[in-house]
Amino acid sequence: MSDYLDGNAAAGALSELFAVDLTAAIAQCNGCGQTTVFAESRLYVDAPGMIARCAGCDTVLLRVVTTPTNTYLDLRGLTYLRVPNS
Amino acid sequence: MGIVSPGFTGRRGGGTDLPPGQYLTHEFPVLSAGPTPHILTDHWEFTVTTETGEKYKWDWAALTALPAEEITKDIHCVTRWSKLQTTWKGVSLDTLLADVETGADFAMAHSYGGYTTNLPLEDLLDGQSWIAYEYDGEPLHAEHGGPARLLVPHLYFWKSAKWVRGLVLSDSEDLGFWETAGYHEYGDPWKEQRYAGD
Amino acid sequence: MSWQVATVADVRRETETARTIVLDVPDWPGHLAGQHLDVRLTADDGYRASRSYSIASAWDGSDGSTIELTVEQVPDGEVSPYLVDVLKVGDPLEIRGPVGGWFVWKPEQEGPVQLIGGGSGVVPLRAMLRAHAVAGTTPVRLLYSVRRPESVIYVSDLKELASSDDVDVRLVYTREAPAGEPRVGRIDAELIEQYAFKPEDGATTYVCGPTPFVETVADLLVAAGHDPARVRTERFGPTGGPR
Ligand SMILES: Cc1cc2nc3c(=O)[nH]c(=O)nc-3n(C[C@H](O)[C@H](O)[C@H](O)COP(=O)(O)OP(=O)(O)OC[C@H]3O[C@@H](n4cnc5c(N)ncnc54)[C@H](O)[C@@H]3O)c2cc1C
Ligand SMILES: [Zn+2]
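Residue numbers (this note's numbering), protein chains in the order written: chain P, 631 to 716; chain Y, 54 to 251; chain F, 2 to 244.
Quick caveat, the hints were computed from the structure, so don't treat them as lab data. Backbone N, C-alpha and C fix where the C-beta goes; we use that ideal spot for every residue, glycine too. Certain hints may be false.
[Claimed, not checked] Straight-line C-alpha distance at most 20 Å; calculated DMTMM-like pairs for lysine to aspartate or glutamate:
#, chain 1, residue 1, chain 2, residue 2
1, Y, Lys136, F, Glu79
2, F, Lys89, F, Glu15
3, F, Lys107, P, Glu670
4, Y, Lys136, Y, Asp70
5, Y, Lys126, Y, Asp147
6, Y, Lys136, F, Asp77
7, Y, Lys108, Y, Glu154
8, Y, Lys244, F, Asp46
9, F, Lys199, F, Asp220
10, Y, Lys136, P, Asp676
11, Y, Lys126, Y, Asp176
12, Y, Lys126, Y, Asp179
13, Y, Lys142, Y, Asp176
14, Y, Lys244, Y, Glu175
[To be verified] Now the in silico label distances, taken between C-beta atoms and shown as ranges:
#, chain 1, residue 1, chain 2, residue 2, range
15, P, Phe648, F, Gly62, 38 to 46 Å
16, F, Gly186, P, Thr701, 53 to 61 Å
17, P, Leu647, Y, Leu228, 15 to 23 Å
[Claimed, not checked] Partner residues aside, some chain Y positions facing chain F, computed with beta carbon under 8 Å:
#, residue
18, Gly55
19, Ile56
20, Val57
21, Pro59
22, Gly60
23, Thr62
24, Gly63
25, Arg64
26, Tyr239
Please construct the entire structure, taking both the sequences and the accompanying hints into account.
What follows is the structure, given as structure tokens:
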């Protein structure tokens, strides 16, 4: 069974942390080097936190955990995120 | 705290014999942090690595040749569901670690698919944990962690690593996948140790 | 962006299991067609649950601060039954949005627009059709898969939208079709071939609905020669089975 959403669904959680919309940014995966729009990554939400994985190689691109007092963000699977200047 | 949603209770109901903040379910919810690995038992291997780097390995035949136990325990997931009297079959970690030479205090469980979770070694011993390969009389399904998962029912269920492939023992405590992202390093459901600092 | 409190201004039954909720949101900044927001519910003891919902209305600046959501009740769901059956006019509702800058259609975008929705997946597509009715000039086609005639949401709205020369709406019935409609069954390669734009038409395709629906349709499109880069998807989640 495919049990993931599109990276797009992380937009709300990420908007707590960033003023720009990261889901429309171009992301490069640390694992395989593929570059895609972050919205096209696979988002697993039926878990203790939100996990985005590369659609090409399943590397964890990003994790977000919201606790009652803090939000934890781990971006270690992303080589970069590219956002156009406004 | 913000507003209250009039008439909203949530999927709960609690129960006197449940840890705080948990609700009872009769289903077996599948949580997934990634794609489900499908590991053939022919290729399955379980490795214990000690603090000196020594390795002890079991393949599927070796694991299933060890004396197994029937286990009936309540399980508690940090996403707030609890399931009572779940039945498993597996090999006690006491059996697996009996001949392992170690003075380590901590263990990191590693899984196929890359998941990790950390535990004090003493929480794996004395009849508290198993490598389980049957659930409810059937071989453990891949979506629930088969062919074999760690079972440590006295801690939140994220500690019971699905698709377990090994333990790395060490003198110092490192943090696993969820523990590095804000979850509690120990995770006792009765003390409601969900998040770091709880 | 963080949570803010909206007020339920109106509710409208769409089908036996779906309802449109009109929200009054102070200082709504406007949104793009296809964007969603997160809804958060809080019980009196502080327990919380949040879910995402697409915005069903288009924003043209004149609506003031009103937006619409349409929610389909998922059996045994935690949040959707509350939104469909319990929430009432005048109640507060916490929201965070608008968010999501990828699954959106902008009027200035070039090329035809292919919309393919399954069940409640039609919600963001309806916002795109609405936005198109105001400012669009390119042809649009909607393939909308539903179980049976009674499951169609936005019935009168879709009729009105489909009366425009640029807009083509085709309903697909998976369980039971109305009199005069011989085809019952899921979207398949033949239907895509018949009713969707061809790969060479340069359309942007938006596919939205339950995860298995989106998966199937996206695979059919790619198999039919569509450029995956022009196929945008929005998965709403699983159908059935615990999670
Ligand atoms: C970006 C985005 C936009 C969305 N927009 C809309 C929208 O406009 N309208 C709308 O009605 N929904 C929308 N959804 C789905 C919505 O977020 C919820 O998943 C849905 O309302 C179910 O929530 P629940 O709390 O009622 O069910 P839960 O308590 O989460 O789940 C209950 C049971 O239903 C199953 N289930 C969960 N989700 C679905 C589903 N989508 N379809 C079928 N079964 C399911 C589960 O497996 C479980 O067995 C959207 C989702 C995303 C990610
Ligand atoms: Zn990759």
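Verification of the hints:
no. : hint                             : result
1   : Y:Lys136 to F:Glu79              : 18 Å, holds
2   : F:Lys89 to F:Glu15               : 15 Å, holds
3   : F:Lys107 to P:Glu670             : 19 Å, holds
4   : Y:Lys136 to Y:Asp70              : 11 Å, holds
5   : Y:Lys126 to Y:Asp147             : 17 Å, holds
6   : Y:Lys136 to F:Asp77              : 17 Å, holds
7   : Y:Lys108 to Y:Glu154             : 10 Å, holds
8   : Y:Lys244 to F:Asp46              : 18 Å, holds
9   : F:Lys199 to F:Asp220             : 15 Å, holds
10  : Y:Lys136 to P:Asp676             : 17 Å, holds
11  : Y:Lys126 to Y:Asp176             : 15 Å, holds
12  : Y:Lys126 to Y:Asp179             : 15 Å, holds
13  : Y:Lys142 to Y:Asp176             : 19 Å, holds
14  : Y:Lys244 to Y:Glu175             : 18 Å, holds
15  : P:Phe648 to F:Gly62: 38 to 46 Å  : 26 Å, violated
16  : F:Gly186 to P:Thr701: 53 to 61 Å : 45 Å, violated
17  : P:Leu647 to Y:Leu228: 15 to 23 Å : 21 Å, holds
18  : Gly55                            : 6 Å, holds
19  : Ile56                            : 5 Å, holds
20  : Val57                            : 5 Å, holds
21  : Pro59                            : 6 Å, holds
22  : Gly60                            : 5 Å, holds
23  : Thr62                            : 5 Å, holds
24  : Gly63                            : 5 Å, holds
25  : Arg64                            : 4 Å, holds
26  : Tyr239                           : 23 Å, violated
Violated hints, listed in ascending order, are 15, 16, 26; each of the other numbered hints is respected by the structure.
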